[in-house]
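Work the whole structure out from these sequences, hints included.
Chain order of the listed sequences is A and B.
Here our numbering is used: position 78 in the first sequence is 78, and no number is missing along the way.
Here our numbering is used: position 321 in the second sequence is 1321, and no number is missing along the way.
Because the hints were derived from the structure by calculation, they are not lab data.
Fair warning: there could be bad hints in the mix.
[Stated by the list, open to error] Just some of the chain B residues that point at chain A, by a computed CB distance under 10 Å:
1) 1117
2) 1202
3) 1207
Glycine included, C-beta positions come from ideal geometry on N, C-alpha and C.
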Amino acid sequence: MKRVLFLFLVAILLTVTISAGAQEPVTITISTWAGVDEAAELQVLIDEINAEVTGYQIVHQPIPGDYFPTVQTQLAGGTGADLYWLDQNQMAIKSEGVLMPLTECLADSEPETAGDVNDYYPGILAVNEYDGDVYGLPWIAQPVVLYYNRAIFDAAGVAYPEAGWTWDDFMAMGMELTQDTDADGEIDQWGFTNNGWPPPFIFVWQAGGEAISADFTTSPIDSPEFVEGFEFYLSTAYNPELSPSREVISEQGFGEMFKAGSIAMFMGGAADDLDRVDGMDVGVIHVPANPTTGDITTFAWNASTVVNGNTANPEEACDALVQITEAIQGWKIVSPRISQATVEHLVESEPRKEPNAEAIIAAAGDMRALPIFGNYSRWDATFWSEFWGPLLNNETDLSVAELAAEVRVDLEETLSD
Amino acid sequence: MNLGVLGTYLPTLARYVAVMVGIAVIMLIAYRVQRFLGVKQEAATGRTLIMPWLIGFLIFNVFTIGSSLYLSFTEYNLFRAPEWVGFDNFSEIFDLQIAPLESAAQRSSDALPPRYDEVQRVTLGDGGFVIGARMEEFWRSLRLTLLYAVLTVPLGIVASLGVALLLNQKVRLLGFWRVLYYMPAILPSIATILLWRWIFSGSGLLNGLFAPFYRAAGIAAPSWLTNPDLVLIVFVVFSLWGVFGANSVILLAGLKGIPQELYEAADIDGADEWAKFRNVTLPMLSPSLFYNLVTSTIAALQVFEAAAFIDIPDSVGTFLNWLIYQEAFNFRNMGMASAMAWIMLLLILALTALVFRSSSAWVFYQGAKDAN
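Have a look at this one:
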């Protein structure tokens, strides 16, 4: 019995020794919010990377529910995955010292690769920058574009929007397209829809306003430019001459109304499927320009991959980050890289976007991201609950300028926290 | 050898096994020490066997509760070391201002100092006053939570009692009815909430059913979930779902425990059904009602899931537990969230103590009465 036990122990010892000496590739884990379908598509990319690299293998650990609280807890506990997806708002943790600074490890990256920080749209990369360092590589920057239903325009005899169109053109078209098509005395077709989406910043930025100053010290929402942009934004929401009421949207669904053919124009992300609805002929164009400034800046939703500051394998994690970012930039649209801002790249990533690829790429050149800082979530909540929400939902009798002057104090308090 | 997913799982498993072995060793040592000190075998075994639970309780309950008390006196954002700020978090919460209104038309923001927002406005004639706070969301949420508790606890107990009385009837297929009435209690709470959310949504079941009535009356369908005046009613209706379940079962058990002789004696005395209910059933059921009152009050003050899945208009506030979660994980303001949690704990303790104090006046314990 003792001999058997001795042999067993020797066998285990030998196995452990051989395993330890075999220089196994390390495991680099990545956590994402991907659901089942998205995770399956991502796994294909990971498998391709794993087949090519030698020093590490990437393992996907999706967290489809309660993502950000989980990620924050893991980061605070010094555990968790090596890589994480973070969206623009979540990137606010870049200043907390829990993410790995990437400038050094990306320094030798080849030009026009995912590791080349100079190849990203500066405004998108800025979301990932803090104190002179880069903390994440963006993999998507989705500009808001305007989808329009050609059939509705044709039936009403209204010309399609064209490059250079302005807020005035937009309002005129929208009002003309808002109609009672079955003559029952009730409007059943609207020119536009707004239930809080699209973000008001599109119009504010176009008018020359800023929600947060570049140095993050003021929140000048009472400036004439901001007020002009915001007032125009409000005029597009729940306006019976242009857009459906809250109740109608709630009843019929926001995006669903466009797909059902009762909304003529809809502002959506470039990756949305609104131009792929069976039986619908949908055009895409950049958002209308401010009539005075001619500015056509649009909002971009963006997301990045970051490296856990506590990763045990920083070198491999950095390399895996570059590899997986490169792969995702060929999968998701729109790529946040300047060298990939081509119709060819977009169509290669998503062939179904071919008819509108040119308009999307053009919009990407005018996109802008939110000004993200450490306390952004508090600023955002204050902005919504005290300013945007009450004005949008008609819960205040104050004008935009009056309420802006009042709320600015509270917003700037969040900047100083 | 690349173990893939197992490569990250195995170290965790190894740590788990190591903890188990560690606890086993500690138990063994504790047992030996007790025996060495002359403790009887039975006592030593008992104490040793509760040790794993005790260790878990100390680490996962006592330590974390103690930590949250400490954190409530700090500024802590999860990622940086907590910074001691004394009573600042509590001071900010209790920083209230009462300002007179010069006229009924005067805006609260004009009456209150900067950085204070309205919690409650009281108009008296052509004047009145406004109560403002720096943490107005806390006070609004506290108001909503207390209102919810005040409405749902008595309603829930009365409804549970009604269900228990129904289930205590001698009818055919009694087992089937009991299973049917208990069924809602075993449904996952999130699924139930999503169902209610759909029922009360703008295009949901309720508005769909009443659509002809709305048309006939020429009124718009109510926005149950977005109208600040209606949303509390919706949550109260949700809460009544809870009457089918543990509360009814406890009361049913209480009803079953009432000696039949008491009813027979009441019959001999000529008592009618209402007199029997008032003088026999209710007093004999009072310990069960007391238990339900305590647990329902605590549960009503701790509503979380419903608030997490149903957006409440900002002007109404939200439920306190959800506000604490938001403060902690959305704003990473763990110090303030801990302070709010401790205020909530003290509030629950105070209300529970009040209920306990009142129990001597209305709870009847048969054994206690007999002993006297």
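Cross-check of the supplied hints:
Look at residue 1117 (chain B): its Cβ gets to within about 8 Å of chain A, closer than 10 Å, so that hint holds up. This hint holds: residue 1202 (chain B) has a C-beta 3 Å from the nearest C-beta of chain A, less than the 10 Å allowed. For residue 1207 (chain B), the shortest C-beta to C-beta distance to chain A is roughly 8 Å, which falls under 10 Å, so the interface hint holds.
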